[in-house]
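S.K.: Residues per chain are reported as follows:
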Amino acid sequence: MMILGIESSCDETAAAVYSDGRLLSSVIASQADHVAFGGIVPELASRAHERVIWHTVAQAMEKAGVTEDNVDAIAVTEGPGLMGSLLVGLCFAKGLAIQWNKPIVGVNHIDAHIYATYIDEMPEMPFVSLVVSGGHTQIFYVERPLQHKLMGQTRDDAAGEAFDKIGKLLGLEYPAGPEIDRLARTGDDSFYDFPRAMMKKGLDFSFSGLKTSVLYYLQDIPKLEQEKFLKEHMADLCASISAAITDVLIHKMRQAIRSTGVKCAIIAGGVSANSMLREKAHKMAGELGVSLHIPHPVYCTDNAAMIAVTGWFKMKEGMTDDLHLKPYARHKWEKVGIGG
Amino acid sequence: MRTILAGERFAARLQPGDIVLLKGELGSGKTHFVKGIARFFDIAPEEVQSPTFSLIHEYVGSVRLYHIDCYRLNKPEDAYEIGLEDYIYSDGISLIEWPEKVEPLLPDNCQIVEISHISKEQRKIIIHHQV
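Residue numbers (my numbering), protein chains in the order written: chain A, 24 to 363; chain B, -1 to 129.
Quick caveat, the hints were computed from the structure, so don't treat them as lab data.
Any given hint might turn out to be false.
Residues on chain A that point at chain B, a partial pick, calculated with CB under 8 Å [stated by the list, open to error]:
(1) A71
(2) R74
(3) A81
(4) R178
(5) D180
(6) A181
(7) K191
(8) L192
(9) L195
(10) T235
(11) L238
(12) Y239
(13) R353
Distance condition first, Cα-Cα at most 35 Å in a straight line; then the derived DSBU-like pairs of lysine-lysine [claimed, not checked]:
(14) K223/A / K122/B
(15) K191/A / K122/B
(16) K99/B / K254/A
(17) K246/A / K118/B
(18) K99/B / K246/A
(19) K73/B / K254/A
(20) K73/B / K251/A
(21) K191/A / K21/B
(22) K191/A / K251/A
(23) K125/A / K339/A
(24) K254/A / K122/B
(25) K191/A / K73/B
(26) K117/A / K172/A
(27) K223/A / K118/B
(28) K358/A / K21/B
(29) K21/B / K223/A
(30) K99/B / K251/A
(31) K21/B / K251/A
(32) K73/B / K117/A
(33) K122/B / K246/A
(34) K122/B / K234/A
(35) K118/B / K254/A
(36) K21/B / K234/A
(37) K73/B / K349/A
(38) K224/A / K118/B
(39) K358/A / K73/B
(40) K224/A / K21/B
C-beta atoms are modelled at their ideal positions from N, C-alpha and C, and glycine is treated no differently.
In isolation and in its complexed conformation, chain A is listed as follows:
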């Protein structure tokens, strides 16, 4: 079964073709050959989606070497995201569905991050998944395909946003996540004990307090010494901040795994590329005896391969939609407590 996936929920316009365990193509407009798109594609796409979506989909089909006759269904992100952006992808997908006479499958963007793992592997269900990116920090319990229960989520900033904004406070360029990760590798993670928030309060997260505590920490350094101090200890601070964020993520994930008794865990989303998080996650998985799966970094940030593979799962479960499919900006998951 072959699925064309289309993603346009936020910054990226993307299209991909997936067929039974094999990804045939994955095109992201902002990273593609700009000449074919008639100029630079802005990083902040949104309404720019409509200018590039045609080329993006055409390129995905061409790279996969397939035609509409080969495609069995069109999967498209229905939410959560920016309404204007989602509408572009959704309307385009509907147009194709009518013209090609194929079923359409609406895909939840966060679900898709979880299923990105299945592009290369086949993790066993049930599992616990941490979705951690610039916009999301959520833990799900996945019992069987597309049966997701939310176990915890951030109450303010996403973990990736904490990295990005704290880096900005340190004088790094926004978004600073990858740079903090690089610097942290040579730093002392016990240099300063930044707060680990909500460690004893269920599986929800809070990262805005950490941001504020870094701000106060820096304010307490006399202005004249600040530059020298930051120069000497940038790596130590990056390591200490990374430790604070990753300790909380791993602690909550450990709790989620223990309380559900799963044998498999997945970390998805852009922050899963963070090396300290990966290291701690592997150590935790070893201690708990669970198999850990992290998608290839190219499938951790927004892409359409994950939309296509999730659409494939939905088709297998017989979950198709029709042309009434509507976008949604927000989504509320069924929430479960731990231990129950």
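Since chain A is already given, all that's left is putting chain B on it; use the hints.
M.R.: Below, chain B without anything else, positioned relative to chain A:
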């Protein structure tokens, strides 16, 4: 916590269609203030998360709240790309963090909330209405 209470009290004066500009440096408590506004309109404060990455969050309670964050925008025209005017000229209430980034595109009759640090435990919140 008191920032949330301040937001809740401030919300009592808001009407559908209002635009609130939230000014203040990183970590001053703008998102917390929004949590208070949300609570006033029967939206659970924990539903309110930072929209920095997603740009716009919509919350539905007794009114429709648009929580908009312009932090990632590089130039005012980017506001057109995210469809800003669809939100601010609607019947919902628009709450805009980092409005400085889109200042030239905003109408005159906005309410302005300025939050600044006095100390670690204290914030100063100045509220004024543009005319």
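S.K.: Check each numbered hint against the structure and report the violated ones by number, ascending.
M.R.: The structure conflicts with hints 2, 3, 9 and 39, although it agrees with all the remaining ones.
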